[in-house]
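A.B. asks: Sequence:
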Amino acid sequence: MRFLLCEIDYIIFPPRTIEFLFCSVFIMTESSFEVQENFLLIGNKGSYLVEKFLGEGTFGKVAKCKNLSTNKEVAIKIIKNGFDNAGENELKALIEISKLDADEYNLVKCVDVFLYKSHVCIVFEILEQSLYDFLEDRRFRPLFVQEIRAIAWQLLIALKGLKSINLVHCDVKLDNIMLVNQDSKPFRVKLIDFGLASKTKDIPTGTRLQNICFRAPEVILGLPLDERLDMWTVGYVLALLYTGFCIHPWDSEYNIIRALVEMQGMPDSELLHQGLNFHHFSLDSLEEVEGLKHNAIRGSIHDWSKNIKTLIMVCLL
1 MRFLLCEIDY IIFPPRTIEF LFCSVFIMTE SSFEVQENFL LIGNKGSYLV EKFLGEGTFG
61 KVAKCKNLST NKEVAIKIIK NGFDNAGENE LKALIEISKL DADEYNLVKC VDVFLYKSHV
121 CIVFEILEQS LYDFLEDRRF RPLFVQEIRA IAWQLLIALK GLKSINLVHC DVKLDNIMLV
181 NQDSKPFRVK LIDFGLASKT KDIPTGTRLQ NICFRAPEVI LGLPLDERLD MWTVGYVLAL
241 LYTGFCIHPW DSEYNIIRAL VEMQGMPDSE LLHQGLNFHH FSLDSLEEVE GLKHNAIRGS
301 IHDWSKNIKT LIMVCLL
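Start counting the sequence shown at 1; every next residue gets the next number (UniProt numbering).
These aren't lab readings, by the way, just hints derived from the structure by calculation. Remember, predicted model here, so these are calculated numbers, not experimental data. Treat each hint with caution, since some may be false.
[To be verified] No farther apart than 27 Å at their CA atoms in a straight line, the calculated lysine-lysine pairs in the BS3-like style are these:
| # | residue 1 | residue 2 |
| --- | --- | --- |
| 1 | K185 | K92 |
| 2 | K173 | K117 |
| 3 | K61 | K45 |
| 4 | K72 | K92 |
| 5 | K61 | K80 |
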């Protein structure tokens with residue numbers, strides 16, 4: 001096998017802190033340099049052979065690599081040029097998370113950080129597959145309650161850990177919940193991808209966050225935001241695992257709010273009018289939907305909604 005050895009900007013940093021990285025990484029102006037399979041990346045804790053790419057997101061690519069010093073596989077997130085803020089934001093979040101025991105709180109473990117040309121490379125423990133891929137492989141067949149309970153408990157512990165350091169994930173979804181090893185540790189999960197994470201006090205009211213399918217009502221309405229928006233998405237994930245499908249339309253924010261009114265009834269008027277985005281929604285049409293509560297269709301939706309609430313309570317027992 002032919003290795004492609006590339007010039008690396010090598011930076012040594014003290015254990016458990018990467019704050020110093022910000023002063024150097026984001027002023028680099030070298031041209032973009034695409035990482036390819038069989039590249040050899042020199043990190044601070046070993047040399048990493050790029051074996052294959054696992055996926056690509058808005059801010060970067062994730063590659064499965066082998067640490068040639070330990071012969072262990074890792075996942076390396078390579079931040080794209082032009083998304084320096086995303087890389088900086090994730091590094092800041094990882095500094096905070098380093099205060100916690102990642103295994104105890106079911107959070108992905110960061111093991112190394114280095115620079116490759118102008119790219120920030122973040123090295124994580126290797127995990128098996130996302131819950132989305134797991135469900136897709138089984139054609140979105142619902143999970144059993146005991147399986148959902150195990151996942152729910154671990155996600156709540158993860159949120160508890162994040163709350164203890166005043167951090168909000170802001171992007172909880174099936175893609176960002178990873179199975180560790182389904183064969184040896186069935187339904188052991190960890191939360192990943194802190195590129196959009198934020199300190200609770202730093203989230204401005206009205207900020208657009210989360211995938212629209214998992215978007216919390218307070219985000220849609222433009223209400224003050226805190227760690228509860230992560231709790232909403234965890235609840236939504238549990239419902240999706242239970243049913244095998246999204247519990248409301250997600251083609252538009254209006255249809256999401258309309259569906260929630262059908263399920264839960266109309267929120268307090270005072271609360272609605274506090275939302276910066278409330279003017280985007282027609283109060284009359286939402287009240288018309290709420291007025292369908294005696295309709296047989298709405299009744300069945302309401303019963304189904306109660307079943308979801310019961311499921312979540314069962315998961316917490």
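A.B. asks: None of the hints should be skipped; say for each whether it holds.
C.D. replies: Here's how the hints hold up against the structure:
1. K185 x K92: 30 Å, violated
2. K173 x K117: Given pair K173, K117 is violated - Cα atoms ~31 Å apart, limit 27 Å.
3. K61 x K45: With Cα atoms ~20 Å apart, K61 and K45 stay inside 27 Å; holds.
4. K72 x K92: 26 Å, holds
5. K61 x K80: 7 Å, holds
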